[in-house]
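**Student:** Here the structure of chain A is known, so what remains is to put chain B in place on it, guided by the hints.
Number of protein chains: 2
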Amino acid sequence: MVSERSSKGRKLKPASPPSSTTTFILPHMARKCSFFKQALAAVLFLFAIYALFCTFLSPAATSSSTSSIDDLVFVSRESSSSLDTASSQAVPSPVRIYMYDLPRKFTYGVVEHHYRARGATVPPSDVDLKYPGHQHMGEWYLFWDLSRFDADRVGSPVARVSDPEEADLFYVPFFSSLSLIVNQGRPAGTALSYVDEEVQEELVAWLEDQKYWQRNGGRDHVIIAQDPNALYRVVDKVRNAILLVSDFGRLRPDQASLVKDIILPYSHRINTYNGDVGIEKRKTLLFFMGNRFRKEGGKIRDALFQILENEEDVIMKHGAQSRESRRAATQGMHTSKFCINPAGDTPSACRLFDAIVSMCIPVIVSDDIELPFEDVIDYRKIAVFVDTTSALKPGFLVSLLRGTSEERILDYQKELKKVKRYFEYGEPNETVNEIWRQVSQKLPLIKLMINRDKRIVKRHLIGPDCSCLCTNQTGGIATM
Amino acid sequence: MVSERSSKGRKLKPASPPSSTTTFILPHMARKCSFFKQALAAVLFLFAIYALFCTFLSPAATSSSTSSIDDLVFVSRESSSSLDTASSQAVPSPVRIYMYDLPRKFTYGVVEHHYRARGATVPPSDVDLKYPGHQHMGEWYLFWDLSRFDADRVGSPVARVSDPEEADLFYVPFFSSLSLIVNQGRPAGTALSYVDEEVQEELVAWLEDQKYWQRNGGRDHVIIAQDPNALYRVVDKVRNAILLVSDFGRLRPDQASLVKDIILPYSHRINTYNGDVGIEKRKTLLFFMGNRFRKEGGKIRDALFQILENEEDVIMKHGAQSRESRRAATQGMHTSKFCINPAGDTPSACRLFDAIVSMCIPVIVSDDIELPFEDVIDYRKIAVFVDTTSALKPGFLVSLLRGTSEERILDYQKELKKVKRYFEYGEPNETVNEIWRQVSQKLPLIKLMINRDKRIVKRHLIGPDCSCLCTNQTGGIATM
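If you're matching them up, the sequences are chains A and B in order. The opening position of the first sequence corresponds to residue 1 in the UniProt record's numbering, with each subsequent residue numbered one higher. The opening position of the second sequence corresponds to residue 1 in the UniProt record's numbering, with each subsequent residue numbered one higher.
Honestly, the hints are just simulated from the structure, not real lab data. Any given hint could be a false lead.
The list cannot tell twin chains apart, which means a pair is met if one copy fits it or any two copies do.
[Stated by the list, open to error] In silico lysine-lysine, DSS-like type, Cα no more than 25 Å apart, as pairs:
hint, residue 1, residue 2
1, K454, K211
2, K393, K130
3, K237, K454
4, K381, K418
5, K417, K454
6, K458, K299
7, K295, K283
8, K381, K454
9, K281, K295
10, K283, K417
11, K281, K418
Bound-form chain A, shown alone (with noise of 0.2 Å):
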């Protein structure tokens, strides 16, 4: 077994702290309790348990469809043999998760790398150990989350238990995002202290050494990769766990798909906008700032600026990652109707999450782009989708987005209004809670190809045993 220190009991700051007063204080300790308070509660749950069941219940009262016992629904549990425990319970409860403690140097160790890298001090405790913010910090907010005290994380879809037996689903909490940037920008030549490919294969290690790993193969295990290159050499080894990513441009399709995996906000950089609809505000038709340059997918941007550079109601500033770029960009995005968001290296990109918080109807051009939490977001309602080849036509953006209505414009607002919070990470029960529902909605496919992988036979198969779901839509040139 391990013997490095664990980050068990540990405290760790947030670069962006949910509230200034929370504190990180690991739970299960022991906690008083008040016998009158709970024979209180009881009491008076079985009264209105009765009454619930002499009202709603009862024909009486069930006229108006189904909308009375919509609003609360009792589940129980049952010990489980042969059946799972989600059996016979018309609503299943929160999806039981637990958080691996895993050795330091794959959590705390990462922060303390990435402050050695850039000749910060690392402070003696690691409670003023603060994580760096950057766009792929929801590892850190997971992380965060599932080390909250119970009593805050009520209303989650996922309950962490402290006994790996009882866990339907394993968290991996390996900061692989921040692992893979510890040696961003560093002279080429340095001596490194820090190899992010060699802390991946120890993780590997790590893991195939635990038995609850061992039992499915991974399969029940959700592993945070949401920088397209994290993790990347071992990908393969990790691939049968549900990966929490941004996108499947770096990853084949045996590797990762919408049916297993799930697809991540970025963490946004710039400020949210809180004001209201409008578009007095908004005189700049479409806004970009940001790398004009990039490889693969992103190479249209160079031509995107070609085209669009020197329209009057448009904007477009080449600029890099920093505080001051921020600034003006938050200030664009405020101030812009639409916001275009060309593809970056691989499909996502960052920018998109930063123009749905600022309320600037994202317009879409990464024709394999794939969106977080789609099945309760519709995009079309939100964004604009054009597909490559037409953005490209001279003249066919600024004339499609020109031509829009201000009552349309404002239609757009009022959804983006509506699902900005979705990509909050920073408050607590926002972007981290649809993340554990996307996770929770996966179990029962995982649960049936656990089982079914175990009892499955010899078999004569011409191709790969897979279920797949397919679309057929050959897709138009926008979506407006």
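**Tutor:** Positioned in the frame of chain A, the structure of chain B alone reads:
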């Protein structure tokens, strides 16, 4: 629009009514309401909520993991726009299903033709039309369930809605398996007044005329085709829908899959064994009664007969479906330790479910079988799986089974006893509710695909755009 008499407001007796007092009056009728009971419920409920929050949701009471909140979950709906209603709630409310009021020819009309083809007098009222019992009568139970009063459906994973605008999913209650057998047993050359293929085509024509079918190409529709040949002529036209099937034996991977569709159990046709676990009354080691000669996957049956029929503690009987042979099969399955389940013409066969309710441990010899409710049932605990090649080796099966300890047999029986309720279509809240639970679990992925389909733009795809989940298991020779 269709001018034919529709099913609405009609009544129909089931062949095996769940209780002799049940009546089939369709819901959505006005009923009186007790103000006092509602007020009492509201007051007590508010008190209970307060007490619960004080007690369970304070840090003082959360020390013993999350068990205190597992038993009670509150959910609420919100009005939707670009967001679906499932959003922002920890646990989804019941999925809302709309059952089409199909033209009568697709429901009661099929029953009527079944009567006529047998020369029986058709009762003047549908109330007296008994749905005929057969192994694929799941279609009847689902229709029957959704026709019940809302008050009788409390706890169901799906709530029926009368307004299609409110629906998450649409159920198409065509009696497709009964349609297939209307003319079964009629001499060749008989003039037929009912042609299944024509009715299938008529159903598709009717569906394609419906606004809600057109809206998403049928993706949010649920269609039952339990007999492997049901709907065979039109399956390509309904393949977007969630199909309720017995196996994938006659379906291509682009028509059906574990990801999109649901495996249903057959309706058992012999009596449930209500006794306790034990081997005293089970002197026969291995039992089979059924058709010795089948097509395709079922060809191994004759080979199994040859190997097994001379073993002294084994009973292998050839017999077709009849009341008499069901009586003999009941007797055999209730007095045997193991029941062999070779493939039928397709990988599934109804006998498996007869064995389960008989608490006769199934020995499954069907390499490509798919099993119902496998996310909640670990079949290795209730059945023995043997690959076909091994099963056909003389002596292999009998020595495997004879070598099973009494303790192990009792373990299987205990699990069978727990699980068999899943296979009781006649019990109102068992099989049918579990099927709806499976249906409701498909909703997130269906919604995602619907939203995604609509915003996809022209792409340069190399292959089909599919999301898959695969197994790499090569499988062993037996699970025991």
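**Student:** Decide, hint by hint, whether the structure agrees.
**Tutor:** Now the hints, each set against the structure:
1. K454 x K211: within (16 Å within a copy, 43 Å between copies)
2. K393 x K130: neither (46 Å within a copy, 66 Å between copies)
3. K237 x K454: Within one copy, since 19 Å is at most 25 Å while 34 Å is not.
4. K381 x K418: The answer is within: 11 Å in one copy meets 25 Å, while 48 Å across copies does not.
5. K417 x K454: between (47 Å within a copy, 22 Å between copies)
6. K458 x K299: Answer is between: at 18 Å across copies they meet the 25 Å cutoff, but 48 Å inside does not.
7. K295 x K283: neither (32 Å within a copy, 73 Å between copies)
8. K381 x K454: between (44 Å within a copy, 11 Å between copies)
9. K281 x K295: Neither way: K281 and K295 sit 35 Å apart in one copy and 73 Å across, limit 25 Å.
10. K283 x K417: Within. Shortest intra-copy distance 19 Å satisfies the 25 Å Cα cut-off; inter-copy 71 Å does not.
11. K281 x K418: Result: close within a single copy only, 20 Å intra versus 65 Å inter.
Checked against the numbered hints above, the structure violates hints 2, 7, 9; every other hint is satisfied.
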